[in-house]
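Could you slot chain B onto chain A? The hints should help.
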Amino acid sequence: MSTPATATPPAPAAPGVQRVQAVVPATAPGQPPQPRSGQDPQPVSGRSIRGTSAERVLLISLASVLASLLVAIVGFVSAQNQAAGMERAATSSDRVLTVMAVRSAILEADGAATNAFLVGGLEPQDRRMVYDEAVAEAARLLAQLAGGATSDADLIAELNADLTTYTSLVEAARVNNRQGFPVGVAYLEQASALVRDEMLPDLDAVLRIAADDAAADFGTTRLALVVIGALLAGLAVLVVCQVMLARMTHRRLNPGLALATVLLVVAFLAGGLASESAASSAAQVRTDTYRPTLAVAQAGVMAAEARTLESLTLIKRGSGQAYEEEFVELTQAAMALLEEQEQAGAVATAGPDLTDLLSVWLERHAEIRALDDGGDWEDAVELAITDDEGGPSAAYAAFAEATQTEIEEGSAEVTETLRGAASGARWAAWALAVCGVLAAFAGWRGTAARREEYR
Amino acid sequence: MSRVARRTRIGGAIAVLALVAGLAACSTGSGADDLGIADEVTTEPTEEPTSGATTTPATCDDPVASYAPEGELPAPDALPSGSTMAEIRERGTLRVGVSADTLLMSARNPFTGQIEGFDIDILREVSRAIFGNPDRLQFVVITSGQRLEVLETGQVDLVARTFTITCQRWESIAFSAEYYHAGQRVLVAEGSPAQGLEDLAGQRVCAPSGTTTLTRLEEYPEVEAVAAPTHSQCLALFQQGRVDAITGDDTILAGFAEQDPYAVVVGEAISDEPYGIGVPAENVDMVRFVNGVLERIVADGTWTQIYDRWLSVLGPAPEPPTPVYGRTP
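Top line first, the protein sequences correspond to chains A and B. Residue numbering for the first sequence follows the working numbering, beginning at 1 and increasing consecutively. Residue numbering for the second sequence follows the working numbering, beginning at 1001 and increasing consecutively.
In isolation and in its complexed conformation, chain B is listed as follows:
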């Protein structure tokens, strides 16, 4: 009997061992094991670069001074060989960094799908000068914060995106002569007593990151600055009551007032925002060429036509900015 007992016990021990091994093999493991995602990290899209230049502003004698055009503007079929323009013509498209949501300046028309506005029409004139055809533009939609980056990497040939000429930006890229003179103003809700940033102490004011607007907003420490990736994001936040006001260039704010009847632009311009077309620093010939184009469209009245087409809400067409040259590479 005891032999039977021993055998039973030994058999039992073996059975238990087998069961433990069997069950341990397939019945253990955490939820993550079942999901097979123990160490997997879901990648988020890379954040919009927010190159908020808050270091000490660079100084230069005259930021708006650009490279003077050389002689007459060449015809599209007579571009100097080996020049940047000839290369672009060879390629077939002019790659331009633009906004797709800055109404009046450069915005995608939801009905047609086309990007259109003041900046776009200026670029179309450059395309016309290179190709004899204004439609050879290849758009790269960028945020304000990406403007320097796409030029530095050579991803685009030109950037026309409410781009203020500054000394600091001249350090990494080149600008055309000024083609539009904007000024920073403030947009508030209709009925607000505020007439400028100084009246908005303790309130939340939105500006896009990586812009001169945001830099200037930081000069008003009593105002709570809110940075957003794009101007349109500011308007969305404003409409949602998450900010009390938006500050930006009058051109951009005019576009906002067009979209929202309860938003008004108030006060005088608190800054000068000379817009230039951004060009990669090394393409001096391209800068001179663009300046030649700008001179021509000012001279033949095209500039005023473009203004009237897009920006008449800001008032009658002003005198086009007078180009300043004298910069040497």
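In isolation and in its complexed conformation, chain A is listed as follows:
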């Protein structure tokens, strides 16, 4: 288009359009112009006018084809990416919860080891089993995390090494305890310090990375906007093409272009809206299930940490005030998180309320504190280590179990919803591709007669 424009004398674009309409019927009313006229030595302006008409028709058909193909390609790629993003979001949100589970398992192990130490001498077999199971769980989950490690690979490797060190320290504490050597406490303290000073901060870093990855994957759901945008742009181009063609040819409707438009409208209704609804269901599960589940998991982790502090406060025997203060801080934060979720109605209320279970444990804990603060350390320890129904350990176990169930249900729902949304987006991708390609075909075929006319 630029070559004729520079060759012709400077003329405004709008009059040019009018001239085309005026000239074409004049030279060949109702008949296509001479096919070879472009090669004849004719005046530059005349050749340009007729060439422009042919080119314009060609351009219109090309534009309609390209717009339709654009919808097909952009729609397909975006919706596929969207689907992939949702699948990744399912994986990465699962990963976030796995990191939480590692944290919980490590704290559980440390809590059991610390509590068993309070018992003194030969530790009870069931405490030992809780410890062993928690360590095995942490190791299994860390291996699982290592499988999908990205930028956190180093941290996870370090956590693995730390877990090995941790278990060896607890073993050293245990062996010394069995012989009645106080150095056992030193090993236990080292083990606890390793958990608190090294492993938990590393896990926090891994958690941040996983949460950011999940957030980015949830972000790809916004690709639905690209799909919608491409569809609207395609429709707009088709409409403009039809308007221009109608003005040139005085035919009101081009069946091919009309069919292409209908196909794109179908694409909009089938693909675009499917993509959008997949995006909104993913966004909804993020706010309605993913975040509440994370909140419950966090509350569970805080409680697990507080559980260790309960034992440490007693081990410190009178100088553990700092631990008790931290216990209060953590459990209050956990309670606040859970209350927030329950008020928002985000937590399933199938079982007993998590806040109630937490309250029960805190009441039992208060009994331990009352005994210890009253100078009755032996009875406080007795209460802290008992596994009796109605004791603090049982109350904590009930809370931990309910939390775990809640997290598992939430996690399953998030994964299921996201996988469903992903398959919706995949369906949308194919619908867009098929409709777009068919529209391109219809547009090209529909303008074939007009192209012949103006050759």
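Some clues are possibly wrong.
Some but not every residue of chain B turned toward chain A, in silico, with C-beta under 8 Å [unchecked claim]:
1) ASP1034
2) LEU1035
3) GLY1036
4) LEU1073
5) THR1093
6) ASP1101
7) PRO1110
8) PHE1111
9) PHE1139
10) GLN1146
11) GLN1195
12) PRO1221
13) ALA1225
14) ALA1227
15) THR1230
16) LEU1235
Just so you know, the hints here were simulated from the structure itself, not pulled from any lab data. For each residue, glycine too, the CB sits at the ideal point set by N, CA and C.
What follows is chain B alone, placed relative to chain A:
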């Protein structure tokens, strides 16, 4: 047709706007937003206070001089009214700051859960003098670095935790007369040629923070000093090969050698460590009372019995330290 086109475009624009608004509302946000922990800081437990007193040592004429007992030790049911002892008797327990992991001196027996040792038995005698019952002790387990703090805040009535009497400590608390005379020695791995700190140049030597031991270790600049929160932590580090030797009072090192057959205590004592029972500075009457108790247990042979029970690994019972008085409040 163009009207249709315009309407489509306007409708499209509205649809896009609605979508943008809708998606932006629920689909943005970082990982921290999902976690809801944007600014939350996980609090770590407060570090053990390490009041490593490295300022210029305070001087005084005689650190071991304490307040002399006044007359005969009163009977438990005849404590002077208004005295600190009467208050404690009223309360029902004697609160004492002790170690739970210094074998022989004061350690938790893992089999019984009881804290026991030389220091504990001395405290039991004080309890006996106040209550007529040696078991009225309420233990507060503290680290070496916390010894001054718990007395200054009045959290405990007494501290018996391998507590060396020094001029500097006299500035913030009071001490009983000396009840045990320890000396700083060195523990090394069996087979080590080292016979003292001077042989350990370039090696890592552990001592608990906030102790006179660590202060003295700093007088050997060629030795790499490693501070740990407790004596037992030093032993753990030693067993892990993270330090080459431990320096500490012979009483404490004897407890370590009991726990580890590959550790030996070598060399002569390089310092005098007179142990006293720490008392809040204002409780002068309590200091005098404790001194009275100490005099009595030395006189009736209880002191020697306690020594034989716990510290015979260090050799036969020596003469109990002779109390020095003359300090005035």
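**Report entry** Hint check: 8 Å Cβ-Cβ cutoff, GLN1146 of chain B to chain A
**Finding:** holds, 6 Å
Report task. Answer holds if the nearest beta-carbon of chain A is closer than 8 Å to that of THR1230 of chain B; otherwise answer violated. Result -> holds, 7 Å
Query - Hint check: 8 Å Cβ-Cβ cutoff, THR1093 of chain B to chain A - result: holds, 5 Å
Requested in this report: With chain A as the partner, please determine if PRO1110 of chain B meets the hint condition of a C-beta pair closer than 8 Å.
Outcome: holds, 5 Å
Report task. Using 8 Å as the Cβ threshold, decide whether GLY1036 of chain B counts as touching chain A. Result -> Holds - the Cβ of GLY1036 of chain B comes within 8 Å of chain A, reaching about 6 Å at its closest.
Query raised in the report: Regarding the hint that ALA1225 of chain B lies at the interface with chain A, is the smallest CB-CB distance below 8 Å?
Result: Cβ of ALA1225 of chain B sits 18 Å from chain A, so the hint is violated.
Query - Interface restraint verdict for PRO1221 of chain B against chain A (beta-carbon cut-off 8 Å) - result: With Cβ-Cβ at 27 Å, over 8 Å, it is violated.
Query raised in the report: Once the shortest beta carbon distance from LEU1235 of chain B to chain A is found, is it less than 8 Å?
Result: holds, 5 Å
Query raised in the report: Measuring from the C-beta of LEU1073 of chain B to each C-beta in chain A, is the shortest one below 8 Å?
Result: violated, 25 Å
Query raised in the report: Can we keep the ALA1227 of chain B interface hint, with Cβ of chain A closer than 8 Å?
Result: violated, 14 Å
Query raised in the report: With a cut-off of 8 Å, does the beta carbon of PHE1139 of chain B approach a beta carbon of chain A closely enough for the hint to hold?
Result: Because about 6 Å separates PHE1139 of chain B from the closest Cβ in chain A, which is inside the 8 Å limit, the hint holds.
Query raised in the report: How about LEU1035 of chain B: closest beta carbon in chain A under 8 Å, or not?
Result: holds, 5 Å
Comparing the model with each numbered hint stated earlier shows that hints 4, 11, 12, 13, 14 do not hold.
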